[in-house]
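Top to bottom, those sequences are chains A and B.
Throughout the first sequence, residue numbering follows our numbering, covering 1 to 394 in sequence.
Throughout the second sequence, residue numbering follows our numbering, covering 1 to 394 in sequence.
I should point out that these hints are in silico values taken from the structure, not numbers from a laboratory.
Among the hints, erroneous ones may be present.
Since copy identity is lost for identical chains, a pair holds within one copy or between any two.
In silico SDA-like pairs for lysine to any residue, Cα to Cα no more than 25 Å straight-line [claimed, not checked]: (1) Lys295 to Ser218; (2) Lys351 to Glu122; (3) Lys348 to Arg189; (4) Lys61 to Gln297; (5) Lys386 to Ile313; (6) Lys348 to Pro175; (7) Lys180 to His231; (8) Lys386 to Val372; (9) Lys295 to Arg129; (10) Lys180 to Asp144; (11) Lys295 to Lys386; (12) Lys61 to His250; (13) Lys386 to Ala38; (14) Lys348 to Arg192.
There are 2 protein chains.
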Amino acid sequence: MQFTPQLPDLSHPSGMASVSEIGAATEEALVHSASRLATPALVIQAAVVRRNISRLAEYAKRHGLLVRPHTKTHKSQMMARLQLEAGAVGLTVAKVGEAEQMRPTGDDLLMAYPAVDSARCERLAEIARNGTLRVAVDSRQAVDALATSACGANSVIGLLVEIDVGLGRTGVGTPEETLKLAQYISGIRGVRLDGILCYPGHIWAAADEQEPFLSTVSSRLRAAQALWSEHGLEAKIISGGSTPTAYQSHLVQGLTEIRPGTYIFNDMNTVRAGFCGLSDCAAHIVCTVISDAVKDQVVIDAGTKTLTSDLCIPARESGHGFIVEYPEAKITRLSEEHGQVDVSLCTKRPKIGERLSIIPNHICPCVNLRDVFWWCEPDGAAVSVKINARGMLS
Amino acid sequence: MQFTPQLPDLSHPSGMASVSEIGAATEEALVHSASRLATPALVIQAAVVRRNISRLAEYAKRHGLLVRPHTKTHKSQMMARLQLEAGAVGLTVAKVGEAEQMRPTGDDLLMAYPAVDSARCERLAEIARNGTLRVAVDSRQAVDALATSACGANSVIGLLVEIDVGLGRTGVGTPEETLKLAQYISGIRGVRLDGILCYPGHIWAAADEQEPFLSTVSSRLRAAQALWSEHGLEAKIISGGSTPTAYQSHLVQGLTEIRPGTYIFNDMNTVRAGFCGLSDCAAHIVCTVISDAVKDQVVIDAGTKTLTSDLCIPARESGHGFIVEYPEAKITRLSEEHGQVDVSLCTKRPKIGERLSIIPNHICPCVNLRDVFWWCEPDGAAVSVKINARGMLS
Chain A
1 MQFTPQLPDL SHPSGMASVS EIGAATEEAL VHSASRLATP ALVIQAAVVR RNISRLAEYA
61 KRHGLLVRPH TKTHKSQMMA RLQLEAGAVG LTVAKVGEAE QMRPTGDDLL MAYPAVDSAR
121 CERLAEIARN GTLRVAVDSR QAVDALATSA CGANSVIGLL VEIDVGLGRT GVGTPEETLK
181 LAQYISGIRG VRLDGILCYP GHIWAAADEQ EPFLSTVSSR LRAAQALWSE HGLEAKIISG
241 GSTPTAYQSH LVQGLTEIRP GTYIFNDMNT VRAGFCGLSD CAAHIVCTVI SDAVKDQVVI
301 DAGTKTLTSD LCIPARESGH GFIVEYPEAK ITRLSEEHGQ VDVSLCTKRP KIGERLSIIP
361 NHICPCVNLR DVFWWCEPDG AAVSVKINAR GMLS
Chain B
1 MQFTPQLPDL SHPSGMASVS EIGAATEEAL VHSASRLATP ALVIQAAVVR RNISRLAEYA
61 KRHGLLVRPH TKTHKSQMMA RLQLEAGAVG LTVAKVGEAE QMRPTGDDLL MAYPAVDSAR
121 CERLAEIARN GTLRVAVDSR QAVDALATSA CGANSVIGLL VEIDVGLGRT GVGTPEETLK
181 LAQYISGIRG VRLDGILCYP GHIWAAADEQ EPFLSTVSSR LRAAQALWSE HGLEAKIISG
241 GSTPTAYQSH LVQGLTEIRP GTYIFNDMNT VRAGFCGLSD CAAHIVCTVI SDAVKDQVVI
301 DAGTKTLTSD LCIPARESGH GFIVEYPEAK ITRLSEEHGQ VDVSLCTKRP KIGERLSIIP
361 NHICPCVNLR DVFWWCEPDG AAVSVKINAR GMLS
């Protein structure tokens, strides 16, 4: 836990920031806006993001895997561009609104999420007119709905058949069912059978304990692929992966691409599960101590409307995030706009007005709660970046 | 639990809706937009809102209490206007951005939240130039910061001294401390001593079991008021209340006003704690069944980015919201965009593509996740309403 925060000092004019959105131009203006950055602010360390992106890109290249990062984490065109520049083959989204926001940046999109209603499918068919679009399906209803819309829009949507590999959320249950759905798809106009998709979202074991889980994933994917092959169908794409299993993806035989999302920023979920260190966490929520009226406690201006109620999956009792400057402190309770911090174990007590940097338990929903984040270069310059797909729920 | 949902049928053209924001004008356009309302949609029943507002207004009038509703729940100027039209004396907010959004609607605002940094205080001092603004304080630092900004802006900010009545979050700990802070305030330019504020947010006992809690609140407020009076200070305002204790506020002696927020919409927190019935819940999240691949389960297009991870405070094991059409179903698990629903106890299984109406555990953070909600009149007409203070974190 020897993490030296490299945040610009946001409480003093020496921490320079430019607010791109309000077009601050002179150096004086830049300094002024930095000293007044309103909290709670989401501050992203550019250097850490670049390192996280290139580390995964190198791993994937070494193992012959393509990367299709999930943009649900950052929801930002600028972050997607960095990922594509580092060699990502395309982008992943969960919702149609996200796909619409990411289309200007990426001409190869995968919606790893079912679409069954005509409103969604028509928007997807429109997106498919301007580049590659694939959608994961686990029902004939989804296939029919997508095909109808694609035919109407004169476009083609690529389909990946989702197979459940243990999470029990979406995805058909057996390799045989993937075959049935694949055969159904291959007879229908407007859609194109492209492969198989799985989401191993249940694997939160440490990297060196993932092997039994991953071998189950492997054998399911292999069985499905073999069945398809026997029946003359090809799974050109076998798409898997999420951040916890990202660096073990080479252990899953047959995988062609991975779709991690959180790895770009990381959070206390990935830290406490042992997938990365504190210094790999690019996203800090900078907040202000607003009260110290209660003994052994301070209150910060970040509650569930900033940090969400998401607990830390591998350490549910660890509180609502990690305070970089006070590692012994514990965020014990959140209201909507208040965070109660137990400081009884701290050698020094944070003062009213002091700014603290929090690494949240789960970064993805925190990003979704705001319109912009602050992109900080190592020299201290900070630029506001729009979170383009914020609140794109449908 | 005999609740008949009065939602317009959003899947058929007969459920009319006008999209005010896109300016749909002809009847054909209205019908068209209703049948395509994208899910997950937040749909608000106008009739229930009106009843909830007038019920509280009548109760307060009967007991000589003023109502200053907390706008954090709806974050909407239109809802605030309805509350003011029903006699609310002013509006409550938590953050400065909310105050700025509510100022056009309300000329009497209370920020029931500490402000200690110059950025926030300067914005507040500006707001105070155009009408009444009060802020709750629990430290000398807050008083100094607000006073400095108010003097700089040539405005005056009214202050309420917050006393902790059991939650242990913010507020000074004893009546004696309220006196000390009140005396400090009364000697400082730019601020005006207006009274005492408390937040009984720890009281989740049923209405008929609240008396012991409320008598503690009473005695603390009485003691503080008596001390102030002995020292020649007047607490013109004694502000308390939240939704769970709203209808027991007359049991707290000396209270001049209450600040409930949730009562306008209600949610499963208020239902399961026994404060209201299902038919008093004005806010439904309409979502779509997107998968039924797993036995005894369906998946809806609403996860934590729609419903949040907030558990139901009085019934933590009750799942992530109540499905109106399937009372026996249980939303067992949320991912960011998926809701897994156990339907094993349902006599009928929801179909893929079917729309379901969910009453969330905690409505306030759900409203904050979106830009608009749909305001439905009993005749089925639906208008989109902007959530003005959405994402106002600072």
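To see whether the hints hold, each was checked on the structure:
1. Lys295 to Ser218: So Lys295 and Ser218 pass the 25 Å test across copies only (23 Å; inside, 54 Å).
2. Lys351 to Glu122: So Lys351 and Glu122 pass the 25 Å test across copies only (20 Å; inside, 54 Å).
3. Lys348 to Arg189: Cα proximity of Lys348 and Arg189: none, with 68 Å in one copy and 33 Å across.
4. Lys61 to Gln297: neither (48 Å within a copy, 38 Å between copies)
5. Lys386 to Ile313: neither (28 Å within a copy, 34 Å between copies)
6. Lys348 to Pro175: neither (58 Å within a copy, 28 Å between copies)
7. Lys180 to His231: Classified as within; 10 Å inside a copy, 83 Å across copies.
8. Lys386 to Val372: both (4 Å within a copy, 19 Å between copies)
9. Lys295 to Arg129: For Lys295 and Arg129, neither the intra-copy (61 Å) nor the inter-copy (36 Å) Cα distance is at most 25 Å.
10. Lys180 to Asp144: within (14 Å within a copy, 71 Å between copies)
11. Lys295 to Lys386: Neither: 39 Å inside a copy, 41 Å across copies.
12. Lys61 to His250: within (11 Å within a copy, 69 Å between copies)
13. Lys386 to Ala38: Cα proximity of Lys386 and Ala38: in one copy and across copies (16 Å, 24 Å).
14. Lys348 to Arg192: So Lys348 and Arg192 fail the 25 Å test inside a copy (62 Å) and across (34 Å) alike.
Hint compliance for this structure: hints 3, 4, 5, 6, 9, 11, 14 are broken, all remaining hints hold.
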